[in-house]
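Chains as they are written, first to last, in my numbering: chain A, 1 to 252; chain B, 1 to 121.
Treat the hints as calculated values from the structure; they're not laboratory data.
One should not assume that every hint holds.
[Stated by the list, open to error] Computed footprint of chain A on chain B, listed as stretches where at least three residues anywhere in the stretch have a Cβ under 8 Å from a Cβ of chain A: (1) 28-42; (2) 59-68; (3) 74-81; (4) 85-98; (5) 103-113.
[Said to hold, decoys possible] Label-pair restraints from in silico Cβ distances: (6) Phe99/B / Glu214/A: 32 to 40 Å; (7) His250/A / Ile114/B: 22 to 30 Å; (8) Pro85/A / Pro33/B: 27 to 35 Å.
[Stated by the list, open to error] Quick partial rundown of chain A residues pointing at chain B, CB under 10 Å, derived from the structure: (9) Val24; (10) Thr96; (11) Ala107; (12) Phe152; (13) Ile154; (14) Pro242.
Predicted model, so just to flag it, every value in this text is computed and none were measured.
Ideal placement from N, C-alpha and C gives every residue a C-beta, glycine not left out.
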Amino acid sequence: MDSAITTHPHTHETAVHTEHEHMVLPQHRHHFETEEQQREAGSFGMWLFLLTEIMFFGGLFFAYLLYRNWYYPAFVVASNQLSVPLGAANTAILITSGFFMAIGVWAAEVRKRQVLVWCLILTNLFGLAFLGVKTVEYKEKWDHHHIPGASFSIAEFTNPAGFGLKEEPLAPDMAQKTQIFFFLYFAMTGMHAFHMIIGIVLLFWLTWRAYKGEFSAGYVAPIENFGLYWHFVDIVWLFLFPLLYLINRHPL
Amino acid sequence: MAHEATHSEIHTDKNDPVNVTNPEHAEHHIVSPLQYLFVYVALLVGTAITVLAAYWNLGALNPVVALAIACTKACIVILFFMHAKYQSRLIKMTIGSGFFVFLVLITMTLTDYISRAWGRW
Chain A
1 MDSAITTHPH THETAVHTEH EHMVLPQHRH HFETEEQQRE AGSFGMWLFL
51 LTEIMFFGGL FFAYLLYRNW YYPAFVVASN QLSVPLGAAN TAILITSGFF
101 MAIGVWAAEV RKRQVLVWCL ILTNLFGLAF LGVKTVEYKE KWDHHHIPGA
151 SFSIAEFTNP AGFGLKEEPL APDMAQKTQI FFFLYFAMTG MHAFHMIIGI
201 VLLFWLTWRA YKGEFSAGYV APIENFGLYW HFVDIVWLFL FPLLYLINRH
251 PL
Chain B
1 MAHEATHSEI HTDKNDPVNV TNPEHAEHHI VSPLQYLFVY VALLVGTAIT
51 VLAAYWNLGA LNPVVALAIA CTKACIVILF FMHAKYQSRL IKMTIGSGFF
101 VFLVLITMTL TDYISRAWGR W
């Protein structure tokens, strides 16, 4: 028994106590044995948080899947009222934002302060541009009375020809179900936009800290983990765009 | 104890990929800007393809194609922008298990909804 213990490989060595004395770097707190361990723990925690976000958005996606099957004609007509050019442009804007975020993580890793600051500013600008386009889209829905609630109008869906739409007219009860589409549309894109607003607020703070040089001396974890969050928000949109805008163009 | 001696020889290096007992074995990897540029272009091309495919009548396959392209793009983002490709097995397993549990939840809930109206569609 003794020999089994002593010959067990030392894969996780206990650090020598004296080595802890000078470890005051933010990328190596004293309760971590190595910088790699701290980095790994941080990434692991961030991924666990993102998994809860997958479950959260997953519930919304599931509701969309189910209601689209139940009220298919209403979902087709309502979905086709969204602007594909605006949605596609927003996808490109968001991917561009994510690209600058990725370059920003690289800049922090190779300790280029100015490149990092500019990348964060560009990430933020494209994020704001996305929200700007989204505002235009929301405003258009407001004008058409397509926001669920008391002033919602089914006129365009019961009499599409009267509004110059090439859709099949819906019976009034089915036309009411377009409210469910728009409810889910606003819930999903709104929750996505809310995540972006949180991200943009964090970006201002991170840009200021990056400007002070906090992330260009080997401590990249806040930039890296924020990058994970920002890319996650991108991924949500990569699914929202085809599901809300694109898949109903050729009704069965 | 010959085999234990070799065991310790092989597995003590913390960057040894075989060493799964040490959670820090993932070597820190910096993805180059050029690689990010390729990923960026791939994502833009994917967006263009998914928009074009939407205007092409594929019948029941339209949502399938759209979701397949979206999944491909999401995988590219996770692997390269989010560095999953260069992470330790612990993190790769965490990501994989998260998506797996998500699919289980979707499947179980769908099974419930489909079977409630069994034979009445």
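These are the hints, each one checked on the structure:
no.: 1; hint: 28-42; result: holds (count 9)
no.: 2; hint: 59-68; result: holds (count 6)
no.: 3; hint: 74-81; result: holds (count 5)
no.: 4; hint: 85-98; result: holds (count 7)
no.: 5; hint: 103-113; result: holds (count 5)
no.: 6; hint: Phe99/B / Glu214/A: 32 to 40 Å; result: holds (33 Å)
no.: 7; hint: His250/A / Ile114/B: 22 to 30 Å; result: holds (24 Å)
no.: 8; hint: Pro85/A / Pro33/B: 27 to 35 Å; result: holds (30 Å)
no.: 9; hint: Val24; result: violated (21 Å)
no.: 10; hint: Thr96; result: holds (8 Å)
no.: 11; hint: Ala107; result: holds (9 Å)
no.: 12; hint: Phe152; result: violated (26 Å)
no.: 13; hint: Ile154; result: violated (25 Å)
no.: 14; hint: Pro242; result: holds (4 Å)
In the structure shown, a violation is registered for the earlier hints numbered 9, 12 and 13, in ascending order.
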